[in-house]
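S.K.: Chain by chain, the residues run as shown.
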Amino acid sequence: MRWEKRHTLTIATALLISVLMLVAGCMPPKSSHYASSTVQYLYPATKEHIETPAIPVLSLPLRVGIAFVPETSEAGVQNPWWRVPAQGSQTSRVNYAAVHSLDEKKKMDLMKKISAEFKQYPFVKSIEIIPSPYLSPGGSFANLDQIRTMYGVDVVALLSYDQVQHTDEGLLSLSYWTVVGVYVFKGEKNDTNTMLDAAVFDVPSRKMLFRAPGLSHIKGSATPVNLSEQLRVDSQRGFDEAAVTLAASLQEQLDLFKEKIKESPQEYKIEHKVGYRGGGSVDLLTLALALAMGGALLWTGNRRNR
Amino acid sequence: MDRQSAEPVKSGLPRQLLLAAASCVAVYLSPALSDLLVYDRRAILAGELWRLVTGHLVHFSPTHLFFNLLGFVTVGLIVWRRGYSRFWILCAISSLAISVALLLDPDVTSFGGISGLVNAAVVFAAIRGIGERGRWRWFSVAILILTVVNSALEAMTGRPTFAVPGDQSFVPVPLSHVIGGLTGAIMSLEPWRLPKRRRCHSECGNIMW
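Sequence lines, in order, name chains C and H. Counted from 1, the first sequence has number 260 at position 260 by this note's numbering; the numbering is strictly sequential. Counted from 1, the second sequence has number 100 at position 100 by this note's numbering; the numbering is strictly sequential.
One should not assume that every hint holds.
Stated by the list, open to error - Derived DEER-like restraints, expressed as beta-carbon distance ranges:
1) LYS119/C to LEU189/H: 35 to 43 Å
2) MET208/C to PRO106/H: 49 to 57 Å
3) VAL100/H to LYS269/C: 22 to 30 Å
4) THR149/C to ARG159/H: 24 to 32 Å
5) VAL148/H to ASP191/C: 43 to 51 Å
6) LYS258/C to ALA152/H: 36 to 44 Å
7) MET156/H to TYR183/C: 51 to 59 Å
8) GLU252/C to PRO106/H: 21 to 29 Å
9) THR52/C to LEU29/H: 45 to 53 Å
Keep in mind the hints are simulated off the structure, nothing from the lab. Ideal Cβ placement from N, Cα and C applies to all residues, glycine included.
Same shape as in the complex, but just chain C:
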């Protein structure tokens, strides 16, 4: 009888632990998705008219504008079933999105990094960084025309992004039942996939000249207590790394575009603005070498055969 009681207690304890493990291990993954879309900005669903691209006339050197397209409204967090907000309430989604989406300062930093890529090309005269408030959601080419007039740019590089973050519970999440584990063990496993995309458009002809993507994949882990902070860090790191790959990709695409212009002169018309001129400017290395030679001449005592 005593043995039966003890046996029942053991089975009950084992069952309880199994249930707890099941609950801890089977927590559904949380995911969030933030995106902005060039297509939605240029060709909003409400507008029936589709712009027909013409042959672009590129007047060198180019004045380039660079801007982030506005975020899409669908972006947000897919909560697990027990955290789904009540119907009609968007509170949870909006707050979470506000924490993790790209802020204006970060956008400016990224645009500065990308504009450096354009600046090094001789056919680019100037770069204008256009703040996000100047682009209205679904503004299409009408909005781009306004920007072109305001900033005096010839072509616009539209930047869009897509970031997905997944959080899963790892084996360490079992330690959360000890309460202390919630603060100590990093049982939350995060995956952050980011894509930055730059599409360069000739505004008057409505034609996309070329595009370049930048991708990154970040893996991380966090305790439940600092999960939100870690996701934010991963998100920023994801954008930084994607910007680096985007820069490399841009360089490649720009070189390909130059070749494409040469190979298909019927598709792109190139003109030179008045005052477009080439110059022979002494390279800093050549100048340093010339000065070093002068210094060496003085050092060798101004005489031959030393």
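Using the hints, position chain H against chain C.
M.R.: Then chain H, alone, in the frame of chain C:
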């Protein structure tokens, strides 16, 4: 290449060099003169052939003028002091060679700047320096290697490797540096003396270069 005999190098300042530098400044200060002398593709093709040479005296900004003249005067003084002959022939031929090469590129409608000649003179001085003895020889070897690597990088990328920052008054044309360097190399080898050397080699029985 001949080993140079021991003799003091020339002292003082070469008048021609100062004249060339002063011409660059004068042309920069006179927009009318700049318009008359600048490399203008359309005008050259219409018969204004002097622009092939004079275009190199034209500069587009104070920074452009300052850095180019600093390089030109420094390397000109080196060539003068080392007593390397035919510097002015080098300048004339490299000016022409660079301009003719630019004519092959229809994108360059207008051009100015003496930097191609600076590159030509650096390569010219370095190769002539290799023919000398002592430290100067090894120093010249190092200068030549660095210049060739730099020019090769410019030719491959199509843009200056270490451009002077901040000057947006023109588009850099690295082709002028590459052609200048090639002209400097050819001129330093004195191709017009080649038959004489070969004759001497067969007659004297010793290697002269």
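S.K.: For every hint, state whether the structure bears it out.
M.R.: Consistency of the hints with the structure:
1. LYS119/C to LEU189/H: 35 to 43 Å: holds (39 Å)
2. MET208/C to PRO106/H: 49 to 57 Å: violated (26 Å)
3. VAL100/H to LYS269/C: 22 to 30 Å: Given about 28 Å between the Cβ atoms, the range holds.
4. THR149/C to ARG159/H: 24 to 32 Å: Taking Cβ atoms as reference, THR149/C and ARG159/H lie about 31 Å apart, which means the hint holds.
5. VAL148/H to ASP191/C: 43 to 51 Å: holds (49 Å)
6. LYS258/C to ALA152/H: 36 to 44 Å: Check failed, 20 Å falls outside 36 to 44 Å.
7. MET156/H to TYR183/C: 51 to 59 Å: Once the Cβ atoms are compared, 56 Å apart, the range 51 to 59 Å for TYR183/C and MET156/H holds.
8. GLU252/C to PRO106/H: 21 to 29 Å: holds (26 Å)
9. THR52/C to LEU29/H: 45 to 53 Å: holds (52 Å)
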